[in-house]
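Student: Chains A and B are the protein sequences, given in the same order. If you read the first sequence in this note's numbering, its first letter stands for residue 1, the second for the next number, and so on. If you read the second sequence in this note's numbering, its first letter stands for residue 137, the second for the next number, and so on.
A hint or two may mislead.
Said to hold, decoys possible - Partner residues are not named here, just some residues of chain A that face chain B (Cβ under 10 Å, in silico):
id, residue
1, His-21
2, Leu-79
3, Thr-126
4, Thr-133
5, Gly-135
Simulated from the structure, these hints should not be mistaken for lab results. All values reported here derive from a predicted model rather than from experimental measurement. Idealized CB from N, CA, C, for every residue including glycine.
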Amino acid sequence: MRSAAGLIYSLLVMSHPASGHGSRTAVAFARGALARGHRIHRVFFLDDGAAVGAAGAVFPQDEENPLELWTALAATHSLELVLCVSSALRRGILDTGEAARHERGTATIHRAFTIAGLGQLVDAWTSSERLVTFGG
Amino acid sequence: MNGRKRALVVSRHSPYGGTLAKSALDLALAAAAFDQPVELLFMGDGVLQLLPAQEGNARGRKDMARQLAALPLYDIDHVYADVEAAARYGVELGAAPIAVHPLEPGAIRSLMQACDLLLGF
Chain A
1 MRSAAGLIYS LLVMSHPASG HGSRTAVAFA RGALARGHRI HRVFFLDDGA
51 AVGAAGAVFP QDEENPLELW TALAATHSLE LVLCVSSALR RGILDTGEAA
101 RHERGTATIH RAFTIAGLGQ LVDAWTSSER LVTFGG
Chain B
137 MNGRKRALVV SRHSPYGGTL AKSALDLALA AAAFDQPVEL LFMGDGVLQL
187 LPAQEGNARG RKDMARQLAA LPLYDIDHVY ADVEAAARYG VELGAAPIAV
237 HPLEPGAIRS LMQACDLLLG F
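Generate the whole structure from the sequences, applying the supplied hints.
Tutor: If you want it as structure tokens, here you go:
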């Protein structure tokens with residue numbers, strides 16, 4: 001099935017936001033695809049990629065902020081940014097539900113992201129015409 | 137749309153060097169649980185996951201060999217290994233925790249071309 005405006009993409013990001021450039025390349029790819037009239041169904045962050053959702057990450061002011069790259073893009077295009085739940089939890093990234101379940105004081109996830117299971121990644125590839133992987 | 141795609145998870149990392157080997161396996165299991173056709177290929181360093189006695193627990197991790205042995209329970213029956221990498225690392229594929237189809241480089245290329253979706257870990 002082809003949407004009127006182009007292809008439906010989903011992205012799988014496994015690169016750590018602070019090392020290498022997979023996460024940054026994924027942002028650039030998403031921007032480029034959207035600019036050409038394609039749709040992004042979902043961005044799924046797995047393994048080290050999930051580290052990007054940490055609300056408390058602070059980056060040097062004279063460097064690009066990987067968290068801000070994603071949140072700005074998501075705000076402009078209503079992107080769905082999903083962190084793999086087991087990848088997120090082992091990196092200390094919890095939403096209010098997980099924080100309550102695991103008796104942690106507070107949520108640590110940035111509000112632009114949600115947490116879900118791998119089923120959401122499987123759904124991403126069955127619901128999209130292309131799945132593009134970054135990192136791994 | 138809800139398209140069933142023939143997915144190939146390509147696992148290229150050693151079992152305990154990071155978490156990617158585990159993530160690849162988890163994804164294959166999730167795909168099978170959601171009734172999607174999924175196959176698994178071990179390439180390069182990934183063939184080290186096929187060693188029979190790994191003692192992952194001794195490293196404080198779940199033993200990969202034991203998890204691989206459970207794949208048939210999830211109806212993941214198509215598991216392949218890169219024969220060149222297995223020979224390079226001295227991994228005896230006949231002793232692997234699961235039945236694997238050994239593939240030469242040409243057969244790996246054909247497999248990748250035949251699948252609808254490649255997930256490289």
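Student: Indicate, hint by hint, whether the structure satisfies it.
Tutor: Hint by hint, here is what the structure shows:
1. Hint status for His-21 (chain A): violated, given a least beta-carbon distance of 16 Å to chain B, over 10 Å.
2. Against a cut-off of 10 Å between C-beta atoms, the interface hint on Leu-79 (chain A) is violated, since the closest Cβ of chain B lies about 19 Å away.
3. Interface restraint check for Thr-126 (chain A): the shortest CB-CB distance to chain B comes to about 5 Å, inside 10 Å, so the restraint holds.
4. Residue-level restraint check for Thr-133 (chain A) holds (minimum Cβ-Cβ distance to chain B is 6 Å; threshold 10 Å).
5. Against a cut-off of 10 Å between C-beta atoms, the interface hint on Gly-135 (chain A) holds, since the closest Cβ of chain B lies about 9 Å away.
In terms of the numbered hints stated before, the structure departs from hints 1, 2, listed from lowest to highest.
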